[in-house]
Each structure stands twice: as C-alpha cells, then as structure tokens.
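S.K.: This is what each chain is made of:
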Amino acid sequence: MSDVPDRRTVLLARIGFGLLVVGLWWALSAMLGSLFLASPADVVSSAARVLGTGEFFDYLLPSLKILAIGAALGLLVGIPVGLLIGRSKRLYWLTEAPINIFYSTPLVALIPFLLVIIGFNDTTKIFIVWLFTVLPALINTASGVRTVDRDLVELSHSFCAGEWALWRDILIPTAVPGIITGVRVGFIHALTGVVLADFYAGASGLGYMIMRYSNRFDVATALVPVLFLALVGAVSIVVLKGVQRRIAPWQVVS
Amino acid sequence: MATISAQSVQKSFDSLEVLSRLDLEIQDCEFVSILGPSGCGKTTLLRTVAGLEKATSGQILLDGQPVTGPRPDLTLVFQNFRLLPWRTVEANVGYGLRLRGVPKAEARERVQQKIDMVGLRGYEKKYPYQLSGGMQQRVGLARALAIDPKYLLMDEPFGALDAQTRELMQEELLSIWADSPKTVMFVTHSIDEAIVLSDRVVVMEAKPGRIVDDIRIPFERPRSAVDIRTDPVFAELRQHMWGLLRHEDRPVAAGGAPGE
Numbered sequence: 001m002s003d004v005p006d007r008r009t010v011l012l013a014r015i016g017f018g019l020l021v022v023g024l025w026w027a028l029s030a031m032l033g034s035l036f037l038a039s040p041a042d043v044v045s046s047a048a049r050v051l052g053t054g055e056f057f058d059y060l061l062p063s064l065k066i067l068a069i070g071a072a073l074g075l076l077v078g079i080p081v082g083l084l085i086g087r088s089k090r091l092y093w094l095t096e097a098p099i100n101i102f103y104s105t106p107l108v109a110l111i112p113f114l115l116v117i118i119g120f121n122d123t124t125k126i127f128i129v130w131l132f133t134v135l136p137a138l139i140n141t142a143s144g145v146r147t148v149d150r151d152l153v154e155l156s157h158s159f160c161a162g163e164w165a166l167w168r169d170i171l172i173p174t175a176v177p178g179i180i181t182g183v184r185v186g187f188i189h190a191l192t193g194v195v196l197a198d199f200y201a202g203a204s205g206l207g208y209m210i211m212r213y214s215n216r217f218d219v220a221t222a223l224v225p226v227l228f229l230a231l232v233g234a235v236s237i238v239v240l241k242g243v244q245r246r247i248a249p250w251q252v253v254s
Numbered sequence: 001m002a003t004i005s006a007q008s009v010q011k012s013f014d015s016l017e018v019l020s021r022l023d024l025e026i027q028d029c030e031f032v033s034i035l036g037p038s039g040c041g042k043t044t045l046l047r048t049v050a051g052l053e054k055a056t057s058g059q060i061l062l063d064g065q066p067v068t069g070p071r072p073d074l075t076l077v078f079q080n081f082r083l084l085p086w087r088t089v090e091a092n093v094g095y096g097l098r099l100r101g102v103p104k105a106e107a108r109e110r111v112q113q114k115i116d117m118v119g120l121r122g123y124e125k126k127y128p129y130q131l132s133g134g135m136q137q138r139v140g141l142a143r144a145l146a147i148d149p150k151y152l153l154m155d156e157p158f159g160a161l162d163a164q165t166r167e168l169m170q171e172e173l174l175s176i177w178a179d180s181p182k183t184v185m186f187v188t189h190s191i192d193e194a195i196v197l198s199d200r201v202v203v204m205e206a207k208p209g210r211i212v213d214d215i216r217i218p219f220e221r222p223r224s225a226v227d228i229r230t231d232p233v234f235a236e237l238r239q240h241m242w243g244l245l246r247h248e249d250r251p252v253a254a255g256g257a258p259g260e
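Chains A and B, in that order, are what the protein sequence lines are.
Taking the working numbering, the leading residue of the first sequence gets 1, the next gets one more, and so forth.
Taking the working numbering, the leading residue of the second sequence gets 1, the next gets one more, and so forth.
Some clues are possibly wrong.
Here are the simulated lysine to aspartate or glutamate pairs, EDC-like style, with alpha carbons at most 20 Å apart [what the hints assert, rightly or not]:
no.	chain 1	residue 1	chain 2	residue 2
1	A	Lys-89	A	Glu-154
2	B	Lys-54	A	Glu-154
3	B	Lys-54	A	Asp-151
4	A	Lys-241	A	Asp-6
5	B	Lys-182	B	Asp-14
6	B	Lys-125	B	Glu-106
Here's a subset of chain A near chain B, in silico, CB distances under 10 Å, partners left out [to be verified]:
no.	residue
7	Ser-158
8	Glu-163
9	Trp-167
10	Ile-170
11	Thr-174
12	Val-176
A short, non-exhaustive set of chain A residues, derived as facing chain B with CB atoms under 8 Å [claimed, not checked]:
no.	residue
13	Val-148
14	Asp-151
15	Leu-152
16	Ala-165
17	Tyr-208
Note that these hints are calculated values from the structure, not bench results.
Think of the CB as a built atom: it goes at the ideal place given N, C-alpha and C, for glycine as much as any other residue.
Hey, can you work out the whole structure from these sequences and the hints?
M.R.: So this is what it looks like as structure tokens:
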C-alpha cells in the first residue's frame, strides 16, 4: 500500500480541511448575518452556555436513551437475521426484493403512520431508531456472509466439520467486515433516526433542542446539537475502523 | 489389500461424460500419481475418492467401505492452498485437530511437530498473507498431515508455485513420505513430478476421462529427486509418457470439465 500517504500527511490534510470548512462557514455567516447562519464563535459561546448551565444534558440524556435502546435492538435483530439470510440461498432470494423495497422507501414517510398507530411516546421514538438501524445492519451483514469463499466451505466440509464449526471457523470471520460496516452504517442511520424521532414524536431530546432554538431564531444554540451529532458520527467511524483493524487484521483497511 | 479401489466409476456433468467406467486400485502406503491433460477428469476422480463428488455410477471403496462423503481419516491438499486468512499458521495447521476435539496440549505438540517438519519454525504467529506461496502450501501440507490421515489426496498441490519452489517442495514431500508413508493419490499434469514422487503413475486421457496406462516407477526409496532426474531410466519413462500425452494434444474442444 505504497500509495497511501503517511500518518503525518493525513493528519495535516485533515486539519487543513477542517480549517477550510470553518473558514468558509465564517465567511458565509458574515455574508448572511447571524439570523440565518451563526458564526463559529457564536456557536462556541452558545455551546459553553448550554453546557455550563447543564441545559444541554437535559436534551442529550433522553436522546441517548432512545439511541442506545433503538440502535441496540436494531443491531440485535439485524445482524443475526442478516447472517441467516446471507447463509441460505433460498432465504436470500425470498427476502431480497422486499428488503430492497423497504430499504429504498424513505422511512421518514412512515413516521406519521407510526405516530397514529403507536402514539406520541418513547416507544414510537425507539421504533423509529430501530427501523433506521435494522436494515443497514441486516443488509451489510448478509452481503458480508455472501462473500464467503466456496473453496473454504468445501475445505471445512472435507474435514468433516459440522454446521456450527463452519460458522465459527469460516462464515463468521468472513462476515466480520460486513458486520462492522453494518454497525457503522446502522449507527449513523440511528443518529438520523433519533433527530427525526425528536422532531416528530415528542418534546424532548436533541432534535427537539434544534427545533426549539430554530423557532426562536437562535441559530447559534440550534447548531450546538447538530455539531455534537456530527462529532459523535465521526468518532464512531474512527472507533469502528480501529475495531476492524484489530479484529480483522487480514483485511487491508486504508 | 487395496486401500483405495475405484470400481467402474462413471461420472457425468449433465450430458458430458467426465469419467468413463474407470477402474483403479491403490495399495496400502502406495504413492500413486494421476497424470493427464486438463479436462481428463483427474481432479474429478480425486474429488470422488474424497467424497466431495458422487459417482454417477460405480463406486469407490476405501478399505472395503463405499465412500458416501468426506471421511475423518482422509485429507486433501489443494492447488489453491485454501488456508483460513484469519488464522495464524499455527491455527491453520491445527484446524483439523481442533475439529476432531484433540485435547489442546496434545494438539499444540502435534502442530509444532508438523510446523517443524515443513520447515516453518518461527512463522507460527504469521498470517497466510504474510507468507510466500511455497510457505502457504507448506502450511496446507502440515494441516493435512497433522491429523495423521490414512489417505492423503493432493490435487496439483505444487501447480501454483514457481519451478524452483516446486522442485524444493517435491524433495521435501519425498523425505516426509519416507519418514511416514501414507496412501497417497497425487494429481498432476507434470510428467517429471509424477515420476520423481510416485511408486506408480496412472496416465489418463480426456473425452471421456479414462486410464490409458499404469506405469510402475522402479526407483528405490528413499529417493533424491536430483539423482532420479539424471538417471537414464527417468529419460525413458519421461519419453514414454510424453508419447502418451502428445497423442492427447490434438485440438479437442476447449474448456475442461468442471473442477479441472
């Protein structure tokens, strides 16, 4: 992998890119005025304020709860079902079309129906986050299993391995990169799901914070949860790449 | 008693006949090479003996028992190595032992012994992608031998290696086999390799796959591949087999049978 730049170059490039974004943001906010786009400095001071008073955490904790439960349930269902669908050709052909139709449906469009059916409560919010997580987890896991080397399956067969040993030695290790991608994409979708759930299904959480301060034309404070979520998303990607590098060292990760 | 016995084995894929009522006997601890051009069904024959393919008609007997599927006392070495990329050398060699529930301490000892045998000491913790092709196939060989099989089936095991590595591996296989003889079925399309390694060379022809000659190799064991190659008998055998295979070299339809 000689065409991959070294760590220092990457770090410098990232810092440079970050500065560029902040610079553009600053210029844009100066042009538009703070009513439409708060400047980075305004956002920082708003962040300091809501963190200092603890107000931010009153919004954060409900969202964290919804995110944790919804995403965990999404992964808990999506990964095992994905493993099964990836393993069985018949199950795959049977479920491929409905899953793809479901996956390409904008899930936001379902939220009004969920509200009517389940109600304006945390259950609906958790269900929304679950919906956003489960499909990416399932699809990526299934395609991970499906990349299995048939020669290795035959090898395991030739050593008289049973189904359980086949899973342990061949299928699960094959699926690891797909599972990690599933967790990564699922989690990012879950973040979107949380905000949408807050928008539609009740007066709590980070999404509600965004709405509330936007409605008051306090753009600087409304941007605090947005930046926070972006940060969480970025950190989760870095962490999961690290996990992948550690548990799947045979996979070249750039 | 014949330990491997193919009795009028016939195999077709759809309407294509790959093996045509083929008979073959391999004795206990005999090293037999199956030599033939691509598409002659030699790999299919090996896979049928291994229980990975079912004969369309006829049967294979191992120690008098008909083959119905893979057996715990038979292992394979494949041309494409088939190592588990996510396991170290050590764990790959121990793959079969773990599946058979061999106690850990004993397994560790046997794994180390096989790793030493194929000359990979010091590479125990490496992953396959960190090894050269020749080293990877040593791991494949050690894995196959670790469970101490009665039957060792090798499908062009050195076919993916460069010429030099290939000769080295032949030399090593000779010495490994001299230390603990097994019943070996060795598929190859290399005449030299077949002569150097085998007690008998079975020559096959394609369309449909059948045996055209069965040649005893007279060299004493233990052998040295270098000595054999310079022996006048080697040249004679080589020429004879060339004659058989050259006869095969007419432009038959392209594309071999599946698995070739």
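S.K.: Now tell me if each hint is right for this structure.
M.R.: Here is what the structure says about each hint:
Between Lys-89(A) and Glu-154(A) the alpha-carbon distance is near 16 Å, which keeps this suggested pair within the 20 Å criterion. Annotation: proposed proximity of Lys-54(B) to Glu-154(A) holds, straight-line Cα distance about 14 Å (limit 20 Å). A threshold of 20 Å between alpha carbons decides the hint, and for Lys-54(B) with Asp-151(A) the separation of about 17 Å falls inside it, so the pair holds. For a cut-off of 20 Å, the pair hint linking Lys-241(A) to Asp-6(A) stands: about 17 Å separates their Cα positions.
Of the supplied pair hints, the one linking Lys-182(B) and Asp-14(B) is violated, its CA atoms being roughly 35 Å apart against a limit of 20 Å. Restraint check for Lys-125(B) and Glu-106(B): satisfied, since their Cα atoms lie roughly 18 Å apart, inside the 20 Å limit. Given hint, Ser-158(A) at the interface with chain B, holds; its Cβ is 5 Å from that chain's nearest Cβ, closer than 10 Å. Proximity of Glu-163(A) to chain B is violated relative to the hint, the smallest CB-CB distance being about 12 Å (cut-off 10 Å).
Annotation: interface hint on Trp-167(A) violated; nearest CB of chain B at approximately 13 Å, more than 10 Å. With a cut of 10 Å, the hint placing Ile-170(A) at the interface with chain B holds, because the nearest CB-to-CB distance is about 7 Å. With a least beta-carbon distance of about 8 Å to chain B, the hint placing Thr-174(A) at the interface is held under the 10 Å criterion. At about 8 Å, the closest approach between the beta carbon of Val-176(A) and any beta carbon in chain B falls short of 10 Å, and the interface hint on this residue holds.
Interface hint at Val-148(A): violated, since its Cβ lies 12 Å from the closest Cβ of chain B, which is beyond the 8 Å cut-off. Given the 8 Å rule on beta carbons, the hint for Asp-151(A) holds: about 5 Å separates it from the nearest Cβ of chain B. Restraint check, Leu-152(A) versus chain B: the minimum CB separation of about 6 Å is within 8 Å; hint holds. Taking 8 Å as the C-beta cut-off, the interface hint given for Ala-165(A) holds, the closest approach to chain B being about 6 Å.
For Tyr-208(A), the suggested interface contact is broken, since its CB lies about 45 Å from the closest CB of chain B, more than 8 Å.
In the structure shown, a violation is registered for the earlier hints numbered 5, 8, 9, 13 and 17, in ascending order.
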